[in-house]
Amino acid sequence: MNVAITPAMLGQVVVSGILAGALYAMVALGLALIFGVMRVINIAHGPLLMLGAYTTFFIYQALGLNPYLTVPITMLVLFILGALLQRTLVYRVVDAPELSSLLLTFGISIALVNLAQLAFTSNLRTVEYVTGSYTLGPLAFSKSRLIAFVVAAALAGLVFLFLQRTRLGKAIRATSQSREVAMVCGVDVQRIHRITFGIAAALAGAGGALVSVIVAIQPEMGQIWTFKSFLVIVLGGAGNYPGALLGGVLLGLVEQLASLFLTTQLSEAVAYILLVLILLVRPTGLLGGRQT
Amino acid sequence: MRLTARIALVAGVVAAAACPAAAQQAPIRIGASLSLTGSYAKLGSNQHEGYKLCERDVNVKGGLLGRKVEFVVYDDQSAPPTAVRLYEKLITEDKVDGVMGPYSSPVTEAAANVTEKYKKVMVSPLAATTSIFRKGRKYIFMVISPAEGYLEGLIDIAAKRGLKTVAVVNEDTLFSKAAASGALELAKKRGLHVVYQEAYPKGNTDFSALLTKVKSLNPDVIAAATYFDDAVALTRQMKELNVNPRMYGVTVGGDLPEFYDTLRQNAEYIYGATQWEPTLPYPGQKEFLDAYRKEFGHDPSYHSAAGYAGCLVYTEGVKRAGSLDSDRVREALLKLETRTMFGDYKVDADGFQLAHKMALFQWLDGKKYTVWPDELASAKTRFPTPPWNQR
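Protein chains in written order, with this note's numbering: chain Y, 1 to 292; chain H, 1001 to 1391.
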């Protein structure tokens, strides 16, 4: 069925795409960090986001705290969890063939989802905090999605500053470029790995906190985020941090524009076709993969 | 002494073999896979509780054919291929005596291929898609009203109130597609103009682009064939994008208490289709509600009630057949006409449900009131739905 598409409609959809894209970018940045530093594709990234959403939900429920104020707490909880996962499990597969790390993180993913089912049940939980939107001329900015956009953009920016400016951030980038040289320069690589995994988990957790205000929380909510994040980092260039940001916004836009001009049903297909095309033309992603 | 002991023992064994009491005989095992996890987890778990309560009640009343009943339930994770594997396992490895249906049309459609292959009667209480029952299958029985009729009440009220245009959106899965095509059909029949139709993939929670298009057409009615998550997301984004139909109705999910808990005042005025409400005046309703609340500590949804009623229908079929033999139970279920706390049961030669009635409710002041059909209505509909900024 054909609908005449007006500039206002196009504008609305671009707004929605950018709002969604920033969140994709922030969550995917975590996945990109782990891949860049350790060459591990963390399948459990989405389930970590789910745990972040539950953390927010329980704090919100117990203390009635504004869900956006729980973001730092959720990030701290997930940072500790991520560092623990690295220390106990993931460090074993960092130098192993890539299949080992895929299997391990896949296992962690299944375990987390099932533990969540046991502990939290599959009841749908919701954090109803803001509804409605701000309007600007013909454009509507969903309140919950706009706040998610702002927080996600700010956090992604902070992580960038951290990577660029601080000694620790530089050590992370050094490890990502060459572990051996970093080690020779006196960087404690194991510690860097733990911190990296912690930051990645914290970013997923922040994503969970922001998403909890938008969709219902249940143990299975995370997996789709693993796929989206993976798509984002391949689009942008695996292990390339600015690439993850570009990929995120691109994915958000492509999904929304495909929904507008084609159908919502085809939007996912279009995103994956784009992935295949980019891999054909630029196998290392838009901004190129990790430099070695 | 030893000799007498041995004689006593032998006598005991003979006696036990000669007059078997219900408790001593092996129980009748009924197998099912249910969506206990995955995207249908909430609804599948409710159905599971219906089965559990039925199992308890049948056993309290002396069991079935003098034997206890025991459910063997596995989790199909809301995935049709998993259900296929589990029904194979139930029938060939666990060798269960009977099976009951899983949750949802897509899963039932897949599982029915297995139960047909092994000629097992499957009463499927939560499959509402007509096509499942129109493929020449012999052993599958329907309990709830078909998907095509879900939005009949919404369209009927719209037509009576003189509304002109309708937009239909649906999740791209078996049940939702059938509900949407039923709504399209009914709308045309009632002289409403369908201005827009679009399907979206399962798991979709961002409807910005779809609603932007719907908004530009400004339909009088939005009929949405949904499950839970999408119904909530759709409603929230309708508010965000200020989409204001004069009637808005959803199929599944809108009837759950969580729907209101999540959306609060934003759920007001929304219509929902339902197979069953606790307030409907059917026999045994009060006993069912009391027992369910006591057992599980919360109210049943229609999935719970359909699960319970489907299990009653199956056990009634076995009772009338006097056996667990598939063909005899099938004959009994084809002839059966009954009314449970869920409503009427009567099927045609395909096992397709003819007697059960759908109802339409509206969320009003935090409660669901049945507004259609007139003979079951508990309140008058509040019409039209005011714009979001006036609620």
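To be clear, the hints were calculated from the coordinates, so they are not data collected in a lab. Be aware that one or more of the hints could be misleading.
What the hints assert, rightly or not - Restraint ranges, calculated between C-beta atoms of paired labels, are given here:
1. Y:Leu158 / H:Glu1185: 47 to 57 Å
2. H:Arg1137 / Y:Ala8: 47 to 57 Å
3. Y:Leu262 / H:Gln1265: 29 to 39 Å
4. Y:Ala119 / H:His1193: 44 to 54 Å
Note that beta-carbon positions come from the ideal geometry of N, C-alpha and C, so glycine has one too.
Evaluation of the provided hints:
no.: 1; hint: Y:Leu158 / H:Glu1185: 47 to 57 Å; result: holds, 55 Å
no.: 2; hint: H:Arg1137 / Y:Ala8: 47 to 57 Å; result: holds, 50 Å
no.: 3; hint: Y:Leu262 / H:Gln1265: 29 to 39 Å; result: holds, 35 Å
no.: 4; hint: Y:Ala119 / H:His1193: 44 to 54 Å; result: holds, 50 Å
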